[in-house]
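Put chain B on the given structure of chain A with help from the hints.
Order-wise, the sequence lines are chains A and B. Here the first sequence is numbered in my numbering, starting from 1 and rising by one per residue. Here the second sequence is numbered in my numbering, starting from 1 and rising by one per residue.
There's no promise every hint is true.
Said to hold, decoys possible - A few chain B residues that don't get close to chain A, going by computed Cβ distances all over 10 Å:
#, residue
1, Ser-46
2, Arg-92
3, Ala-111
4, Glu-195
What the hints assert, rightly or not - Computed from the model, here is a short list of chain B residues facing chain A with C-beta under 10 Å:
#, residue
5, Ser-64
6, His-73
7, Thr-77
8, Val-79
9, Gly-118
10, Ala-140
11, Pro-142
12, Asp-143
13, Ala-184
14, Val-193
15, Glu-194
16, Leu-210
17, Ala-241
Hints listed in this document are in silico derivations from the structure and should not be mistaken for laboratory results. None of the values given here were measured: they were computed from a predicted structure. Cβ coordinates follow ideal geometry from the N, Cα and C atoms, glycine included.
There are 2 protein chains.
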Amino acid sequence: MTQPTQRPLIFIGNDDGYQAGGLNFLANVARRYGDIFVAAPSTHQSGKSSALTVDTPIRATLVSDTPGATVYHVNGTPVDCIKLATDKLMPRLPDLVLSGINHGYNSGNSAIYSGTMGVAFEGTFLGVPSIGFSYGDYSASPDFSPCLPIVKRFIELALDGLLPTEVCYNINIPKCDEVKGIKAAKAAMGRWVEEYDSRIDPHGRTYHWLTGKYAPTDPDDESQDLYWLQRGFATVVPCRADQTAHDTIQALSRLI
Amino acid sequence: MTQPTQRPLIFIGNDDGYQAGGLNFLANVARRYGDIFVAAPSTHQSGKSSALTVDTPIRATLVSDTPGATVYHVNGTPVDCIKLATDKLMPRLPDLVLSGINHGYNSGNSAIYSGTMGVAFEGTFLGVPSIGFSYGDYSASPDFSPCLPIVKRFIELALDGLLPTEVCYNINIPKCDEVKGIKAAKAAMGRWVEEYDSRIDPHGRTYHWLTGKYAPTDPDDESQDLYWLQRGFATVVPCRADQTAHDTIQALSRLI
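The shape of chain A in the complex, shown without the other chains (with noise of 0.2 Å):
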C-alpha cells in the first residue's frame, strides 16, 4: 500500500491586496490542485518591485483558515508577504508560488516597477516554480475569466515538473473576450515620458502626480511582448533574479 501523497502546497501573493478580484480568481483555480496559502498586502500596493519594509515591524492578519486554504494580509509590500509567509507563517516551503492576477498589465520594462514580479523572483530565491499573471483589463471589476486556460496550462506545466526554476515566468493575457494563443518572448524595453501632471494646490504649492506615456525604444518585432499582447496574444517571459549583464564582464575587466 503506498502512502496518500500530499497535496502541492501553493503560496499566492499579489500587489492589489488581498480583496482584490484577481487574486480571489487566482486561487480559486489554484485550490484544484492543491492547498493554498494567501499572503498578500492589506492594501493597493502597486509599483512597489521588490520594495522591503526595512525601518518599521510589520504584522500578518489571519482571514480566513479552513481545510486546504489559509489566508493572511500583511501590512507590507508584496515581497514582505511572501518573506514572512515562507519564514514564519508556512507550515512548509511552498511547491509552487504565484503572484496576481494583477489588475493591469506588467509587460515590457514596466516588469522592473511591478510588485507582482517581485514576489515570483522571491520564489525563484527559494528555488520554488514561480508565475506572475497580469490582465490587460483596467476596470473596477474585470472578468478573469478569459485568463483561465492560461493559469490552467502553467499551473500545471509547473506541478509537473516542467518548468525551469532557474527563471521565473512574467504572463501577460491581453482583454479579449479569447486569448489566441500563448507566445514566449523578451520584455519590449522603452522608456517613460511626459511622466507627470504637475498641479498646484490650494495653498499655491505645487504637487506632481504620476501618469505618463511609454515610448518603445525595441523594434516591434515578433521577439518582443508588446507585439504579441496588441495582437491578442498572451506572452510569457522568463526572467532571472541576477541582474548582471554576463556578457559585459570581460570588456568591463579590460577597461578598469
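Structure of chain B alone, referenced to chain A:
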C-alpha cells in the same frame, strides 16, 4: 574661436536621504567634474528597489541653489526622485547619473532590493551612463575617503565616454584603509534565511522585524563579487535593466 564647452550636468540621487554623508561625499567629488543636480529622498528609503509612488502625489523641496549645484529633496522613493528631476526639475537630461554612496553594501543578489541601484537603472532607461556606489561601512558617520579613487576613476571613465550605457554599474567598496583594487564580477546569488525576528507587543499582538542572514548559493570563486569584497577589493557588477532570460526563450517556446 571655439565656444566654451558646456560643463557636464551630473544627476546625483541615493536612498539614504538628502542629508546622508555618502550623498554629500559623492556630490563634493562630482562638483570637480561638472554641475551637479541632487534630487534625493526627504527621508531614509532603504530597501525600496525600483518602487514608485503611484497613489499619492509627490512634492519637491528646494534645499539650495548655487552656481553649479542645485539640491532638492523629494517626498518619495529613490526612483521617484530621478523620474521627477529628469521630467520636471532639471534644465536638460544629465550627462551622467550617480547614486549613493550607499551606507552599506548592495552586493550579491541584495542588489534587487536596492534603491541605490533603482536610480541607476532609471539612468540606463535614459541612455545615460549610470553608476551606483555602496560602501561596506555600517557606522553612524562613516569616513568615505577610501572610496575617493574609485569614485573619481569611474566618473572619469563615464565622462570620457568609455562606459557602455546599455548597462549600469553596481560598485561596492569594502571598508578598509586602502582598497586593494577593483574587480569586474557577477553578483553572487544567495538566499536570505531566518529573516524575521518576531516579538510580542505590550498589547499581546505579534509583530515581525526584518533581519536575516545571507546564505550564498553560488560557489565562492573569483567570478563573484562577494569573493573579492571579502578580500579587500572593490567590485563592479554590470547590470542590465532587461530581466529577460534570453537564453531560455527557445526552450520555453517548445514547452508551451
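Okay, the hints, checked on the actual structure:
1. Ser-46: Answer for Ser-46(B): violated, closest chain A Cβ roughly 5 Å.
2. Arg-92: 15 Å, holds
3. Ala-111: 6 Å, violated
4. Glu-195: 4 Å, violated
5. Ser-64: 18 Å, violated
6. His-73: This interface hint is violated because 14 Å lies over the 10 Å limit.
7. Thr-77: Given a least distance of 8 Å, the restraint on Thr-77(B) holds.
8. Val-79: It holds, given that the least Cβ distance between Val-79(B) and chain A is near 8 Å, below 10 Å.
9. Gly-118: 7 Å, holds
10. Ala-140: 16 Å, violated
11. Pro-142: 18 Å, violated
12. Asp-143: 24 Å, violated
13. Ala-184: OK, holds: Ala-184(B) within 10 Å of chain A, min 4 Å.
14. Val-193: 8 Å, holds
15. Glu-194: Holds - the Cβ of Glu-194(B) comes within 10 Å of chain A, reaching about 7 Å at its closest.
16. Leu-210: 6 Å, holds
17. Ala-241: 6 Å, holds
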